[in-house]
Amino acid sequence: MKKEKIKARIMDAAKIKRAFQRMAHEIIERNRDLNNLVIVGIRTRGVFVAKRIAKLIKESEGVDIPVGVLDITLYRDDFSDMGEQHIVKKTEISFAVDKKDVLLVDDVLFTGRTIRAALDSLIDLGRPKTIQLLVFIDRGHRELPIRADYVGKFLPTSRRERVKLQMDEIDKKDEVQIIEPAGIN
Amino acid sequence: MAFNHKHLLGIESLSASDILTILDTAESMAEISTREVKKVPILRGKTIINLFYEASTRTRSSFELAAKRLSADISNFSKSTSSVVKGETLKDTIQNLEAMNTDAIIIRHASSGSPHFISSFCSSSVINAGDGTHEHPTQALLDAFTIRQHKKRIEGLKVVIVGDILHSRVARSNLLLLNKLGARVVLAGPPPLLPPEFQHYGAEVMYDMDRALEGADVVMMLRIQLERQKRIFFPSIREYRSLFSLNPERFRRAKRDAIIMHPGPINRDVEISTELADSAKSVILEQVENGVSVRMAVLYLLLGGKEREIPD
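So the sequences go chain by chain: G and U. Just so you know, the first sequence maps onto residues 1 to 185 in this note's numbering. Just so you know, the second sequence maps onto residues 1001 to 1312 in this note's numbering.
Keep in mind the hints are simulated off the structure, nothing from the lab. Quantities reported herein were computed from a predicted structural model and do not represent experimental measurements. Heads up, the beta-carbon is just placed ideally off N, CA and C, and yes, glycines get one too. A couple of the hints might just be wrong.
To be verified - In silico lysine-lysine, BS3-like type, Cα no more than 27 Å apart, as pairs:
1. U/Lys1152 - G/Lys100
2. G/Lys89 - U/Lys1152
3. G/Lys173 - G/Lys51
4. G/Lys99 - U/Lys1086
5. G/Lys51 - G/Lys15
6. G/Lys90 - U/Lys1086
Stated by the list, open to error - Chain G side only, calculated, beta carbon under 10 Å to chain U, not exhaustive:
7. Asp77
8. Asp124
9. Leu125
10. Leu144
Bound conformation, chain U alone:
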């Protein structure tokens, strides 16, 4: 059960047993958030920087609450209110923040690989909170936690991920994680947003959503990322909706006890109908709740032990 990592850069570098250690630890953490005093002292005196170069509601406040519930000190930093607008480079920014004796840096950045780059010179633990179109490991972990809560297992489940796979770091991290834990992953979306190369990463690729949904245990809808569409990937929102939106009629093809997930923020009535998003089948808000427990587990496992020299 040993968890020997200094950084959390992606799901790729975690073993199946690492992932299970995080999920089990998160289960114990969940109880703390139900107490009247939602705080334990384990990370007292640790300093964490929440460095967000991209907009975020859930991930950022979730990391912040997770750190606070473990008694760490956390400082928020966003691109618009920092010296980044004066032209400071990423490396300079990190080195300056580190000069204030930080223990961990949580980073979200539009460039894929930036957490890896930082970890090459940084002595703090680096946690990837989403890098470009690459990975978003804590999202995949909280998704797995939520699936396990409902299905009691992950192995052997059919998980269908629908939407803008090309731009989605959530899809990549989920694909890696679900493969490591033995689920069957089906990706669906319009061809320009779903390159067939994903087959080489252990997924089935389907362009017909109705077929993809047959017998699904979990349906994970992704947001259409309009901010990343520098080219035109589909003719119109209306066409997208008619082919790839999750509505009650389509959802009937999934198993009767299937659950609906979405990493948020949702575009109501684009990728998912409002009726389903707010239905009993939807676990979207549970995902958010579980995010805090999973991030508490990650912070504890990375920071709550002895200083170790691990080239991670």
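Looking at chain G on its own, in the form it has when it is part of the complex:
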């Protein structure tokens, strides 16, 4: 078995909370008509980020923002490079995206390919008025011309490292980690 190790712990629960609050306020500032806003989280961790954002907007403005779940496996462009198939999970978007301001949410922005796939998928579901992008971590190394509108933290990394947003909902704690991959063994 390969062993990977945690190289650094970048953010703790308090810092993560503050970043979430700041992003929620930026969204409120920029979207005057919150009733036209819907949030779509990209599986898996993007969904938890999306739900937290929706909760913060509700606490601050009293508006219930619908949250949908997007699975982008069937829109990937790298499937033929993968050792085995990704498991296809359900896309669960119970509202129409037509004419809506859609806030697309993911945990980490890296090459931009996931977001490209998510944009294609969203546009197949309808014609949103606008699409905005929120990511918790932007770690650089873009391969496509994609930029996020709301970023929790810019985190320059080396290409071979991995960045992990640990979330209480699935990981039992809030933390941002940089992971050093294992050497060849």
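Please arrange chain U on chain G, whose structure you already have, making use of the hints.
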């Protein structure tokens, strides 16, 4: 959850976990068919041949729609309009089609074992869409999907399959699959169409339909396959109907929430009364709807990954 197969030749070569992977994937695929744009790009550029040596409405169009919803290119081929009528052999036909760089060949053929034969020399993925009286794996998968949708499980259910078991590839594939997932399978039919040897494959064999139906969770009726009856297997349709047709009175012996299935095409008022076929207990059209999702899952799992060298 890894699914490491190049071909889908039958249920026999699948493990219980393979089957569950297909069913779970099919559940995710179902959502695509409810969208306004019923298409995703994952199999863009893949070429699939739909090779049907026997008649079919459901299976053929279901595979075709499944391929199209995943953006694959699919070409239909039927026996009557091809060079098969000029005497071309099956092997030559396949090699010629493959020369056009196909990625998958879906085949239905009257000879049992023909998909296995093709897979021995073919570099495309081979999918069995029904071979003679042997197997029809995607039918069993869509049946299992439909059962799971209604009963939330398969393990421990009593599934009664009634009719022409001898000629039925649907019954064989279902028996194999339901056994692997832990259901109790009871087969019923007239003795000439139900050899007692089926007991050795994990089924209970009963010649009295009323007894077989007691406490059933699922009743699966099979079509009397008149085209395969080269000998006489029962005296008359009328006698068959009186002993083995599913009518409301008989169906009362099954559980109150039992569902009625049929792989189609149905012979109305032969193996099943029209009243029941069109009743709320019947899930026959749901089976057809689910067929597309299950076939999308199969195509994705076979073609949507890296080229792997697996001697399957």
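Mind checking the alpha carbons of G/Lys99 and U/Lys1086 for me, to see if they're no more than 27 Å apart?
violated (58 Å)
Would you mind confirming whether the straight-line C-alpha gap from U/Lys1152 to G/Lys100 stays at or under 27 Å? violated (36 Å)
* Asked: With 10 Å as the cut and Cβ atoms as the points, is G/Asp77 at the interface with chain U?
  -> holds (9 Å)
- request: Mind checking the alpha carbons of G/Lys51 and G/Lys15 for me, to see if they're no more than 27 Å apart?
  value: Holds: G/Lys51 and G/Lys15 sit about 18 Å apart, inside 27 Å.
Do the numbers back the hint for G/Asp124, that is, is its least Cβ distance to chain U under 10 Å?
This hint holds: G/Asp124 lies near chain U, its Cβ roughly 5 Å from the closest one there, short of 10 Å.
Is the hint on G/Leu144 kept, meaning its closest Cβ partner in chain U is under 10 Å away? violated (16 Å)
- request: Would you check the hint for G/Lys173 and G/Lys51, treating anything up to 27 Å between C-alpha atoms as holding?
  value: It holds: about 16 Å lies between the C-alpha atoms, which stays within 27 Å.
Hint check: G/Lys89 vs U/Lys1152, CA-CA at most 27 Å. Holds or violated? holds (18 Å)
Given the hinted pair G/Lys90 and U/Lys1086, is their Cα-Cα distance within 27 Å? violated (47 Å)
**OP:** Would you settle whether the hint for G/Leu125 is holds or violated, based on the nearest Cβ-Cβ distance to chain U being less than 10 Å?
**Re:** holds (6 Å)
Taken one by one, the earlier hints fail for this structure at numbers 1, 4, 6, 10, listed in ascending order.
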